[in-house]
Amino acid sequence: MPKAYPDFEEKAEKYLDGELSPEQEEEFLSRVRKEEELSRTLKEMKFAKDAMQVYKYVLPKAAEFNSTRKRILSAIY
Numbered sequence: 417m418p419k420a421y422p423d424f425e426e427k428a429e430k431y432l433d434g435e436l437s438p439e440q441e442e443e444f445l446s447r448v449r450k451e452e453e454l455s456r457t458l459k460e461m462k463f464a465k466d467a468m469q470v471y472k473y474v475l476p477k478a479a480e481f482n483s484t485r486k487r488i489l490s491a492i493y
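For the sequence shown, our numbering begins at 417 and goes up steadily by one.
DSSO-like mimics (lysine-lysine), calculated; alpha carbons at most 27 Å apart, straight line:
id: 1; residue 1: Lys472; residue 2: Lys462
id: 2; residue 1: Lys430; residue 2: Lys450
id: 3; residue 1: Lys450; residue 2: Lys462
id: 4; residue 1: Lys472; residue 2: Lys430
Computed Cβ-Cβ distance ranges for the label pairs, DEER-style:
id: 5; residue 1: Lys465; residue 2: Pro438; range: 18 to 24 Å
id: 6; residue 1: Ile492; residue 2: Glu426; range: 53 to 59 Å
id: 7; residue 1: Glu439; residue 2: Ile488; range: 52 to 58 Å
id: 8; residue 1: Ser483; residue 2: Glu443; range: 47 to 53 Å
Please keep in mind that the hints were generated in silico from the structure rather than gathered at the bench. Model, not experiment: these values are computed from the prediction. Just so you know, even glycine gets a beta-carbon here, dropped at the ideal spot from N, CA and C.
The task is simple: from the sequences and hints, build the whole structure.
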């Protein structure tokens, strides 16, 4: 991370988790908007967090669906 914002990752995690107060959030976002690298890093962190949500919620259900589908197909054939 840039030396100008040493606690960026910690603040970004808190922002993405919704743990910042509205004032802290506005201060954080205004600071991030000023630097392209920070903005890009925050977008990447958000994408990674969203991907983890997909992994956490969607994939187990997909595996359950495939298991059920296989049971039905094996019962038919």
